[in-house]
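The residues making up each chain are set out below.
Number of protein chains: 2
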Amino acid sequence: MDGRLVAELTRIVGEEWIYTAEHQLRTYESDGLLQYHASPAAAVLPNSTEQVRAVVAACSAAGVPWVARGAGSGLSGGALPVEDGVLVVLSRMKRILEIDLDNGRVCVEPGVTNANVSAAVGPAFFYPPDPSSQIVCSIGGNVAENSGGAHCFKYGFTTNYVTGLEIVLGDGELITVGGYELDSPGYDLLGAFVGSEGTLGVATKIWLRVVPSPETVKTLVAFFDSTQAAGEAVSEIVQGGVVPGAIEMMDARAIEASEQMGHAGWSTRAAALLVELDGSQHECEARFDEVVAICERCGSDDVRIARDEPERQVFWKMRKAAFPAMGRISPNYFVQDGVIPRTKLPEVLERIETLAKEYDMIVANVFHAGDGNLHPLVCYDGRKPGDAEKAEELSGLIIDACLDAGGSITGEHGVGIDKKKHMPKMFAEEDLDAFQRLRCSFDPAGLANPGKLMPTPRLCGEVPGHYREHPLEAAGLAERF
Amino acid sequence: MDGRLVAELTRIVGEEWIYTAEHQLRTYESDGLLQYHASPAAAVLPNSTEQVRAVVAACSAAGVPWVARGAGSGLSGGALPVEDGVLVVLSRMKRILEIDLDNGRVCVEPGVTNANVSAAVGPAFFYPPDPSSQIVCSIGGNVAENSGGAHCFKYGFTTNYVTGLEIVLGDGELITVGGYELDSPGYDLLGAFVGSEGTLGVATKIWLRVVPSPETVKTLVAFFDSTQAAGEAVSEIVQGGVVPGAIEMMDARAIEASEQMGHAGWSTRAAALLVELDGSQHECEARFDEVVAICERCGSDDVRIARDEPERQVFWKMRKAAFPAMGRISPNYFVQDGVIPRTKLPEVLERIETLAKEYDMIVANVFHAGDGNLHPLVCYDGRKPGDAEKAEELSGLIIDACLDAGGSITGEHGVGIDKKKHMPKMFAEEDLDAFQRLRCSFDPAGLANPGKLMPTPRLCGEVPGHYREHPLEAAGLAERF
Numbered sequence: 001m002d003g004r005l006v007a008e009l010t011r012i013v014g015e016e017w018i019y020t021a022e023h024q025l026r027t028y029e030s031d032g033l034l035q036y037h038a039s040p041a042a043a044v045l046p047n048s049t050e051q052v053r054a055v056v057a058a059c060s061a062a063g064v065p066w067v068a069r070g071a072g073s074g075l076s077g078g079a080l081p082v083e084d085g086v087l088v089v090l091s092r093m094k095r096i097l098e099i100d101l102d103n104g105r106v107c108v109e110p111g112v113t114n115a116n117v118s119a120a121v122g123p124a125f126f127y128p129p130d131p132s133s134q135i136v137c138s139i140g141g142n143v144a145e146n147s148g149g150a151h152c153f154k155y156g157f158t159t160n161y162v163t164g165l166e167i168v169l170g171d172g173e174l175i176t177v178g179g180y181e182l183d184s185p186g187y188d189l190l191g192a193f194v195g196s197e198g199t200l201g202v203a204t205k206i207w208l209r210v211v212p213s214p215e216t217v218k219t220l221v222a223f224f225d226s227t228q229a230a231g232e233a234v235s236e237i238v239q240g241g242v243v244p245g246a247i248e249m250m251d252a253r254a255i256e257a258s259e260q261m262g263h264a265g266w267s268t269r270a271a272a273l274l275v276e277l278d279g280s281q282h283e284c285e286a287r288f289d290e291v292v293a294i295c296e297r298c299g300s301d302d303v304r305i306a307r308d309e310p311e312r313q314v315f316w317k318m319r320k321a322a323f324p325a326m327g328r329i330s331p332n333y334f335v336q337d338g339v340i341p342r343t344k345l346p347e348v349l350e351r352i353e354t355l356a357k358e359y360d361m362i363v364a365n366v367f368h369a370g371d372g373n374l375h376p377l378v379c380y381d382g383r384k385p386g387d388a389e390k391a392e393e394l395s396g397l398i399i400d401a402c403l404d405a406g407g408s409i410t411g412e413h414g415v416g417i418d419k420k421k422h423m424p425k426m427f428a429e430e431d432l433d434a435f436q437r438l439r440c441s442f443d444p445a446g447l448a449n450p451g452k453l454m455p456t457p458r459l460c461g462e463v464p465g466h467y468r469e470h471p472l473e474a475a476g477l478a479e480r481f
Numbered sequence: 001m002d003g004r005l006v007a008e009l010t011r012i013v014g015e016e017w018i019y020t021a022e023h024q025l026r027t028y029e030s031d032g033l034l035q036y037h038a039s040p041a042a043a044v045l046p047n048s049t050e051q052v053r054a055v056v057a058a059c060s061a062a063g064v065p066w067v068a069r070g071a072g073s074g075l076s077g078g079a080l081p082v083e084d085g086v087l088v089v090l091s092r093m094k095r096i097l098e099i100d101l102d103n104g105r106v107c108v109e110p111g112v113t114n115a116n117v118s119a120a121v122g123p124a125f126f127y128p129p130d131p132s133s134q135i136v137c138s139i140g141g142n143v144a145e146n147s148g149g150a151h152c153f154k155y156g157f158t159t160n161y162v163t164g165l166e167i168v169l170g171d172g173e174l175i176t177v178g179g180y181e182l183d184s185p186g187y188d189l190l191g192a193f194v195g196s197e198g199t200l201g202v203a204t205k206i207w208l209r210v211v212p213s214p215e216t217v218k219t220l221v222a223f224f225d226s227t228q229a230a231g232e233a234v235s236e237i238v239q240g241g242v243v244p245g246a247i248e249m250m251d252a253r254a255i256e257a258s259e260q261m262g263h264a265g266w267s268t269r270a271a272a273l274l275v276e277l278d279g280s281q282h283e284c285e286a287r288f289d290e291v292v293a294i295c296e297r298c299g300s301d302d303v304r305i306a307r308d309e310p311e312r313q314v315f316w317k318m319r320k321a322a323f324p325a326m327g328r329i330s331p332n333y334f335v336q337d338g339v340i341p342r343t344k345l346p347e348v349l350e351r352i353e354t355l356a357k358e359y360d361m362i363v364a365n366v367f368h369a370g371d372g373n374l375h376p377l378v379c380y381d382g383r384k385p386g387d388a389e390k391a392e393e394l395s396g397l398i399i400d401a402c403l404d405a406g407g408s409i410t411g412e413h414g415v416g417i418d419k420k421k422h423m424p425k426m427f428a429e430e431d432l433d434a435f436q437r438l439r440c441s442f443d444p445a446g447l448a449n450p451g452k453l454m455p456t457p458r459l460c461g462e463v464p465g466h467y468r469e470h471p472l473e474a475a476g477l478a479e480r481f
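Chains A and B are the protein sequences, given in the same order. Heads up: the first sequence begins at 1 in the UniProt record's numbering, then just goes up one per residue. Heads up: the second sequence begins at 1 in the UniProt record's numbering, then just goes up one per residue.
Treat the hints with care, since some could be wrong.
You can't tell identical chains apart in this list, so a pair holds if it fits in one copy or across any two.
When the alpha-carbon atoms are kept at most 20 Å apart in a straight line, the in silico EDC-like pairs for lysine to aspartate or glutamate are as follows [to be verified]:
hint : residue 1 : residue 2
1    : Lys205    : Glu429
2    : Lys344    : Asp100
3    : Lys390    : Glu353
4    : Lys384    : Asp404
5    : Lys425    : Asp225
6    : Lys94     : Glu389
7    : Lys344    : Asp102
8    : Lys384    : Glu296
9    : Lys154    : Asp278
10   : Lys154    : Asp102
11   : Lys344    : Glu98
12   : Lys154    : Glu393
13   : Lys154    : Glu215
14   : Lys205    : Glu392
15   : Lys94     : Asp381
16   : Lys205    : Glu430
These aren't lab readings, by the way, just hints derived from the structure by calculation.
Here chain A stands alone, though its shape is the one from the complex:
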């Protein structure tokens, strides 16, 4: 990288907050998706909107690509650096700027962790979107990926809670979209920026809606002899008008793995359904009896109700342990994030089972059943030649099965680097062009997180909506992704 840019970045953030040495940069080579690696030329840690703005403007002037990064816990490679580019690390910007519980609003910097938003407004209020990584993941990353979580079926995703953003655009311009109110006049750019994976700019200030904590929470786990039966219970619960706070399913493989870590005494049955109701005491109690009855009617002969908060925590630990616990039964795994219409659950689960048999590989299933958001974990052994490739192929076929069922390639992890190859399966060329039109209006030089989200790197041309080949691609660098 040009020494002048390094000098300029050093001037902006101070010597202490720019890393250029290899050993310093190693931490930043991947995000939570460890398959992908890239070395930035420099990582800078700005501490204010003005510093972010100056850093982006310097990159823009030098024509150097840059990537914003929060905690780096994302699972789609969204925060993967661009080789020889600049990484803008936002972990120092973790101030809570305003708390207004009377109006249910909080304003934070992007580096605040998801859990700390709830902590700041609790116990009377809470911030609903709850990725499993909520203790470490940052709100800025949640905004970039439109993160979800177990409670999003009832409460909605990140995009349903962001009311305003202060953003440094790709060309260094500072804008504010939305604000304090739920809805603003003019175009709703908020929706477009939430989930744009850092390709339009970087949020430096985030206004969030928080909601009163529920009076009561009641949780159960019901065991079934088939995933079909559990799937029917999900349909009956939802169609009966009950809106559970969370409704999660784990299959036998996932139960088995989690049990090794969580020691909850769960039986390795075909499916475990975790159902949580929250709301008023009256509502919860009445509805809870209904849910128990539905589970039993659908064939569950083992329904366990969490007697107290510690037992409820054990239930959730089992669910949240599923990902890390897979490491105990398999050296490596790919996690998918497909979405299907809820009614297609049994059919798609069967298809996944058939595919796993054909490939002679283990696929464990853990998922947000209410949303139809599947997380199939395709297990493989990275040391075995060809195994990773086989697992990746199988992963792709699982995504195809979701698409065939009328679903989507990602529910909450984002497209990033990992799923962009699937984008043309889901979108017509004109629809991808529509994305590109937006991209070009806010990041005309294509320097903000290039190579992510869109299937092929593209550059904005003179006419909005029409573009030519991106120089990365022309230089053959696109291959790297």
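On the provided structure of chain A, position chain B as indicated by the hints.
Okay, now just chain B, sitting in the frame of chain A:
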């Protein structure tokens, strides 16, 4: 208008479905906001996506501006024609294309009325956003204006229910954004298109989320001796964690006017608070007692509970009659649509009262109290010279008061032609530029509903985000708006 364009449009929609005679066009000169008038050169009534696409392409090729119109019941002049332009009337496209209650989805054409969506999925399901005009207003218009309604406090606005759109862009290109699922990969253009007031393109197919109908509905009206006391009751109800289906306030003027039409025997007290709870039987009953207790604690000595569905309908008739009933006590009125943080209700209402006294004019207040969405009705007599101007000035000051309180110029009616002059009060020049960047990417020629939404007509230039004066403006035509 160029005879060739008329011939081309006639060829596309058929002779029967193009109006060019003055008497035919008179119906289309205004929308629900009767202060503004303009005569289009032609109104066309296409009957399919292909026809809409061909009409827009023909306008685009001829460089003629066009405006999409549904039922024309909007209150911001959003569907006001452009003088000598083309009006694309979507009332023939009113097919319900798909109903999938298992997954809570319905797909409709833009001309379907709001009420007919609920009718199509009822009684087990319903479509929550409910503008007062729901019997006539069309879903296409609801999407364009991101319409709200009395039940949006609990259920959210149109934008929270649109899961997919098929859109003909300003240049005639056909794209699909979003789809069947709640969330899609890539940029969320759905949010940007919902509420874009026809300035980016026109929706030809709309996928909506519908939800199970509540088990029970319970409604009360509580009377207070001051709007402050009623405002406090609103705050206490909401902060106590109750989320009413609707929470509406009317002041003495509004009660008085409605009583003349609704004959409900309501007393002309300082404020009436209409609270509706919906949900499960258990939940409603328990919470309802809480609401009654809060109203009494806040000073209401007259709480009336609707005993049955007919009485509930009377309560709602009183609320919905407020606008038309004002016609009985005043020859004309302006309706505003300001939003304020809920906690600022008492302060802003007092300011409105002071302003009304200063101007010696009557201002009635009807509003969605939960959202802080005010609808001050500024009464005037159009036959009295200068009265309309005085009322408009007062209206502007009321909007300023909302903005001073940290609020917004519109909650649910949209910006249209009527509120665009207030946009610079709310947005910095860079933020308006950000809107324009989006506009330019999807309607580069600026032919889709020009002169609406943005404070000054602008044209997209060569570089995204930078533009020069719009020819309408250069020709002095902008003054007309």
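Verification of the supplied hints:
1. Lys205 - Glu429: Between. Shortest inter-copy distance 19 Å satisfies the 20 Å Cα cut-off; intra-copy 34 Å does not.
2. Lys344 - Asp100: Intra 42 Å, inter 13 Å, cutoff 20 Å: inter-copy only.
3. Lys390 - Glu353: within (16 Å within a copy, 73 Å between copies)
4. Lys384 - Asp404: For Lys384 and Asp404, neither the intra-copy (31 Å) nor the inter-copy (66 Å) Cα distance is at most 20 Å.
5. Lys425 - Asp225: Intra 34 Å, inter 62 Å, cutoff 20 Å: neither.
6. Lys94 - Glu389: Answer is neither: 39 Å inside a copy and 50 Å across each miss the 20 Å cutoff.
7. Lys344 - Asp102: Answer is between; shortest inter-copy Cα gap is 10 Å, intra-copy 42 Å.
8. Lys384 - Glu296: neither (44 Å within a copy, 73 Å between copies)
9. Lys154 - Asp278: So Lys154 and Asp278 pass the 20 Å test inside a copy (10 Å) and across (16 Å) alike.
10. Lys154 - Asp102: Cα proximity of Lys154 and Asp102: across copies only (17 Å, versus 23 Å in one copy).
11. Lys344 - Glu98: Intra 44 Å, inter 17 Å, cutoff 20 Å: inter-copy only.
12. Lys154 - Glu393: neither (34 Å within a copy, 44 Å between copies)
13. Lys154 - Glu215: Classified as both; 16 Å inside a copy, 18 Å across copies.
14. Lys205 - Glu392: neither (37 Å within a copy, 36 Å between copies)
15. Lys94 - Asp381: Answer is neither; intra-copy 38 Å and inter-copy 56 Å both fail.
16. Lys205 - Glu430: Between copies only: 16 Å across chains, 33 Å inside a chain, cut-off 20 Å.
Comparing the model with each earlier hint shows violations of hints 4, 5, 6, 8, 12, 14, 15; every other hint is respected.
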